[in-house]
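Please put together the full structure from these sequences, using the hints given.
Number of protein chains: 2
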Amino acid sequence: MNPSPSRPRIAVDAMGGDFGPHVVVPGAVQAAKRKQLDLLLVGDEPRIAAELSKLDTRGIVVRVVHATQVAEMHDKPSEALRRKKDSSIQVACNLIRDGQADGIISAGNTGVVLACSLFTLGRMDGVDRPALATILPTERAPLVLVDAGANVDCKAINLLQFGIMADVMARLLLHRPEPEVAILSNGEEEGKGNQLVKEAFELFKHSSLNFVGNIEGRDLFTGEVDVVVCDGFVGNVVIKQAEGLASSLGRLLKGELRRGFFAKIGTTLALSALKRFSRLMDYAEYGGAPLLGLKGTVIVGHGASNQKAIANAVDMAGTLISLKAPELLKEGLAANKDFAHFLKRPASAE
Amino acid sequence: MNPSPSRPRIAVDAMGGDFGPHVVVPGAVQAAKRKQLDLLLVGDEPRIAAELSKLDTRGIVVRVVHATQVAEMHDKPSEALRRKKDSSIQVACNLIRDGQADGIISAGNTGVVLACSLFTLGRMDGVDRPALATILPTERAPLVLVDAGANVDCKAINLLQFGIMADVMARLLLHRPEPEVAILSNGEEEGKGNQLVKEAFELFKHSSLNFVGNIEGRDLFTGEVDVVVCDGFVGNVVIKQAEGLASSLGRLLKGELRRGFFAKIGTTLALSALKRFSRLMDYAEYGGAPLLGLKGTVIVGHGASNQKAIANAVDMAGTLISLKAPELLKEGLAANKDFAHFLKRPASAE
Chain H
84 MNPSPSRPRI AVDAMGGDFG PHVVVPGAVQ AAKRKQLDLL LVGDEPRIAA ELSKLDTRGI
144 VVRVVHATQV AEMHDKPSEA LRRKKDSSIQ VACNLIRDGQ ADGIISAGNT GVVLACSLFT
204 LGRMDGVDRP ALATILPTER APLVLVDAGA NVDCKAINLL QFGIMADVMA RLLLHRPEPE
264 VAILSNGEEE GKGNQLVKEA FELFKHSSLN FVGNIEGRDL FTGEVDVVVC DGFVGNVVIK
324 QAEGLASSLG RLLKGELRRG FFAKIGTTLA LSALKRFSRL MDYAEYGGAP LLGLKGTVIV
384 GHGASNQKAI ANAVDMAGTL ISLKAPELLK EGLAANKDFA HFLKRPASAE
Chain W
84 MNPSPSRPRI AVDAMGGDFG PHVVVPGAVQ AAKRKQLDLL LVGDEPRIAA ELSKLDTRGI
144 VVRVVHATQV AEMHDKPSEA LRRKKDSSIQ VACNLIRDGQ ADGIISAGNT GVVLACSLFT
204 LGRMDGVDRP ALATILPTER APLVLVDAGA NVDCKAINLL QFGIMADVMA RLLLHRPEPE
264 VAILSNGEEE GKGNQLVKEA FELFKHSSLN FVGNIEGRDL FTGEVDVVVC DGFVGNVVIK
324 QAEGLASSLG RLLKGELRRG FFAKIGTTLA LSALKRFSRL MDYAEYGGAP LLGLKGTVIV
384 GHGASNQKAI ANAVDMAGTL ISLKAPELLK EGLAANKDFA HFLKRPASAE
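Top to bottom, those sequences are chains H and W.
Start counting the first sequence at 84; every next residue gets the next number (the numbering used here).
Start counting the second sequence at 84; every next residue gets the next number (the numbering used here).
Hints listed in this document are in silico derivations from the structure and should not be mistaken for laboratory results.
Using N, Cα and C, we set each Cβ at its ideal position, and we do this for glycine too.
Take every hint as true, because none was put in to throw you off.
Derived CB-CB ranges, DEER-like:
1) 330(H) x 405(W): 33 to 41 Å
2) 136(W) x 222(H): 38 to 46 Å
3) 165(H) x 307(W): 28 to 36 Å
4) 139(H) x 293(W): 55 to 63 Å
5) 406(H) x 222(W): 36 to 44 Å
The calculated lysine-lysine pairs, modelled on BS3-like cross-linking and capped at a C-alpha distance of 30 Å, are:
6) 275(W) x 288(W)
7) 323(H) x 275(W)
8) 323(W) x 275(W)
9) 378(H) x 275(W)
10) 323(W) x 275(H)
11) 159(H) x 275(W)
12) 275(W) x 275(H)
13) 323(W) x 378(W)
14) 407(W) x 288(W)
15) 288(W) x 159(H)
16) 159(W) x 275(H)
17) 288(W) x 413(W)
Non-contacting residues of chain H with respect to chain W, defined by C-beta distances greater than 12 Å in every case (computed):
18) 113
19) 130
20) 132
21) 144
22) 145
23) 202
24) 206
25) 258
26) 285
27) 421
Below is the structure:
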């Protein structure tokens, strides 16, 4: 098949994640077939070709783009930028810059993806700092949490921009026609929060967003709002705590079930219930995390991504491009550009 | 019985918590009998007397101290200070100030307890801001998390003081001879964190504490350290998220068990396992949260405290007084007083 101008072209970092091409290549091919996407698989050509040879790629367009280097999980972003100019992540970013791809996904080092994409693609107008959005499961329906860890020290205007961009994600990825947006704080009432949250509250109130106020940590998982905004330090702690607590409770429950009454009737039945329960906290369901505010669609996958998670992350990139996310992000940011003067205020959180 | 100079004298806010004297009075009496404590029950005398008349108080010293007002959960601390000078919380604080009590416990409005105790008792030498410590359950053994919500904007020196005080709590309440102290951050490596955490890391490294570095959100509940330090905004989000996520997962699991295989063999068995599992996240097990850095032992109880939680909070106050917590806190702070010059540095988080 030949490339089609109507199909999203996704550059996939085949070397990313804990399992590399062995998992990334079949995951990407799976998504490309499902969603009619053109693939550019970036990384070590022989290894990618070996994986491709095991798969049926009829009906999709796949091109392999060789990259001689790999950014490792322990690489510092600044050093990777300088010393690994031919890493699969950097080469994937170059493909967007050069108009050969519409989006990229990488399950590699998040810091390196952020640095390479920021340096190579640049920021959208009206965005001071790109942010990582993540889809968080809740009791009802998933929500978008932003910033999940890209910016550890933020100003109020950054949080507003994060909220505007996450609002678009909730519309496109979660099908919410008018997303309810909240700020994560230590109390629901206006006036609660640290200095950053109090200042952001004022901006959100006057923005175009459907802002519903503060939300507390205890209500994060009940699913009452569609978008939750916080700085990247808090967001990182929240996401990792959720992952950690779910595994801890799972392990404890497994112990309880094995030890208790259920031992008598067989652990198989109990573990089947536990498995369904764990799935609710399974990030693979939601694929990757969009890196918002760059000139190009960039999706970061979890390092531990399995084939399904990679497929869903590639799928997410395709969906965002098909639904014209970049244009909608621009519109959202433009509608709130009157807040630009807040940028000139002295920073409160620095 | 007559008061004994060797027994800790605990002033108990009998009006605090969602259930008032009906739950607080029997809880306090239970602890006093168990641990040989003298009680001062503060609040509406007739209501307290009515509850006492239902109980066997032989063998303990109980005195009722009348207070005409009650600070409600929605009261603002500043207004309660001005307009409710005869609230049970304020009167309990006065009892410490006047040398009639050694400690107080209240399951009332945390902000009002903080304001009244700070205003009435004052801060210990070497403490700039009192902090709320809480005992967090983990997979292995509980740990001390500080600050659980008293200070939403902190400086690095505040975090160090929190750590020094929480270290004493881990020794006395959790029986750890040399507590391992960590800072909550977005990555384990030195150099990870927001500006506040990076600055605090430097101070902790040079302190007398057994500082083991940063800990991530995902490792909060594995129980690898004894003390976790963070600012009160992050601490509040973490505690409330843990409570919320545990209830959400409990509800989901209940649904799964009812819906699945277990319906056939009876939900009673399944719910019995779930109950044991929930107990692991039951704060009543650990009683109250010590408010650290005041001239006097102050314990804050959960608003939803049941009788057992009140008893454990009163017990905690008695334990801290018996084990000479105030003296040990002074020693810990004095051993790190060389850091006082950091107070003169410009604040990073303000």
